[in-house]
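Chain A is fixed; fit chain B onto it per the hints.
Chains as they are written, first to last, in our numbering: chain A, 3 to 210; chain B, -15 to 84.
Incorrect hints may have been included.
Said to hold, decoys possible - Distance windows between CB atoms, simulated:
| id | chain 1 | residue 1 | chain 2 | residue 2 | range |
| --- | --- | --- | --- | --- | --- |
| 1 | B | Leu67 | A | Gly96 | 40 to 48 Å |
| 2 | B | Arg(-2) | A | Ile127 | 35 to 43 Å |
| 3 | A | Ile127 | B | Leu(-9) | 39 to 47 Å |
| 4 | A | Lys28 | B | Val65 | 23 to 31 Å |
| 5 | B | Cys29 | A | Ala57 | 18 to 26 Å |
| 6 | B | Cys29 | A | Cys41 | 17 to 25 Å |
| 7 | A | Thr138 | B | Leu(-9) | 41 to 49 Å |
| 8 | B | Ser(-6) | A | Tyr135 | 43 to 51 Å |
| 9 | A | Lys125 | B | Arg49 | 41 to 49 Å |
| 10 | A | His210 | B | Met4 | 20 to 28 Å |
| 11 | B | Phe36 | A | Ser181 | 36 to 44 Å |
| 12 | A | Thr138 | B | Leu67 | 25 to 33 Å |
Said to hold, decoys possible - Covered stretches of chain B, going by a simulated chain A footprint (3 or more residues, C-beta under 8 Å):
| id | segment |
| --- | --- |
| 13 | -9 to 4 |
| 14 | 20 to 29 |
| 15 | 34 to 42 |
| 16 | 45 to 57 |
| 17 | 60 to 67 |
No wet-lab data here; the hints were simulated from the structure.
We put the beta carbon where it would ideally sit given N, CA and C, even for glycine.
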Amino acid sequence: MTESALAVVGQHELLMEPSPYSMDKKKLGMWVFIVSDACTFAAFLFAYGYMRIGAPVWGTPFGTSSIVNGVVMTAVLLSSSLTMLAAVRAAQAGARSSARKWLGATMLLGAIFALLHLREWFKLIDEGWRLFYNPTGGAAQFGATFFSVTGLHLTHVVTGVIALAFITRGYFYGRYDESHVETAGLYWHFVDLVWMFVFPLMYLMNAH
Amino acid sequence: MSSNRELTMSSYVRIGLGLMLIVGIEVVLTYQHLPKRTLLFSLLCLACFEAFVAIMYLMHVKYERPILFWTVFPATLFVLVFLCYIWPDAFRMFNMRLTQ
Chain A
3 MTESALAVVG QHELLMEPSP YSMDKKKLGM WVFIVSDACT FAAFLFAYGY
53 MRIGAPVWGT PFGTSSIVNG VVMTAVLLSS SLTMLAAVRA AQAGARSSAR
103 KWLGATMLLG AIFALLHLRE WFKLIDEGWR LFYNPTGGAA QFGATFFSVT
153 GLHLTHVVTG VIALAFITRG YFYGRYDESH VETAGLYWHF VDLVWMFVFP
203 LMYLMNAH
Chain B
-15 MSSNRELTMS SYVRIGLGLM LIVGIEVVLT YQHLPKRTLL FSLLCLACFE
35 AFVAIMYLMH VKYERPILFW TVFPATLFVL VFLCYIWPDA FRMFNMRLTQ
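In isolation and in its complexed conformation, chain A is listed as follows:
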């Protein structure tokens, strides 16, 4: 950008009112994304609710072992939220080494959550559950709704782990600052928040 262009931009910024939100643009953008993503998850969960109400017989495939697995998954995801908070606080305090360690712990917990999730999926598939087949003879839509909702959530977790890996690397090399870590943290907490609805609605409501 030329010097004259820079001067124009500078004058323009002086003329503009400050943002009423008083927050980083990345963070505000993440909030907009979170709102739209919340509506996507809500649409999936509403669809599941209506299909379930509409079906005369619904599958209840989850025994005690699956529920225990779900509780462990919840504990892992909640712990990862705490490690993410620790990473954000360390980054804000300028403790880069500590922030990297907490980000690493968050990624590890995210990966453990994904593995536990996949184990549950494979268990159901081994029992004969498919997207459009219910081995117990109940509504075939159970598989479609369960795999769609949990699959969408799993995609968010895996995407979050990959994004955190990029943020950690960028933060390590100084390309990213604490605002990037904070924005990634916002996304990670949202993934945790969604699970607070997915676990009771998809697992607990389908326990036998």
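Quick look at chain B alone, frame taken from chain A:
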């Protein structure tokens, strides 16, 4: 912009433990053989409370300017309530099938 009134890390750990306790209550309720409607209502109330705590404390909305809360949440709630309103209309499709 986050303020300096933020909680300490030990307070966040206590919030995390509180959320885990709520998950425990949800599991206990599941095995009380409650009617499905009562169970659904109880689980949804607890999940909404958990979500509220997570939004306010873990996502730091409590420490942001109130305008963020008033911009984001009424609009989101409106969309969610509207989803509730329009979804039952989808059942009309069953009566709109073309007969051979």
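Comparing the hints with the structure gives:
no. : hint                                : in the structure
1   : B:Leu67 with A:Gly96: 40 to 48 Å    : holds (43 Å)
2   : B:Arg(-2) with A:Ile127: 35 to 43 Å : holds (39 Å)
3   : A:Ile127 with B:Leu(-9): 39 to 47 Å : holds (42 Å)
4   : A:Lys28 with B:Val65: 23 to 31 Å    : holds (30 Å)
5   : B:Cys29 with A:Ala57: 18 to 26 Å    : holds (24 Å)
6   : B:Cys29 with A:Cys41: 17 to 25 Å    : holds (21 Å)
7   : A:Thr138 with B:Leu(-9): 41 to 49 Å : holds (46 Å)
8   : B:Ser(-6) with A:Tyr135: 43 to 51 Å : holds (49 Å)
9   : A:Lys125 with B:Arg49: 41 to 49 Å   : holds (46 Å)
10  : A:His210 with B:Met4: 20 to 28 Å    : holds (24 Å)
11  : B:Phe36 with A:Ser181: 36 to 44 Å   : violated (26 Å)
12  : A:Thr138 with B:Leu67: 25 to 33 Å   : holds (30 Å)
13  : -9 to 4                             : holds (count 6)
14  : 20 to 29                            : holds (count 5)
15  : 34 to 42                            : holds (count 5)
16  : 45 to 57                            : holds (count 6)
17  : 60 to 67                            : holds (count 4)
Taken one by one, the earlier hints fail for this structure only at number 11.
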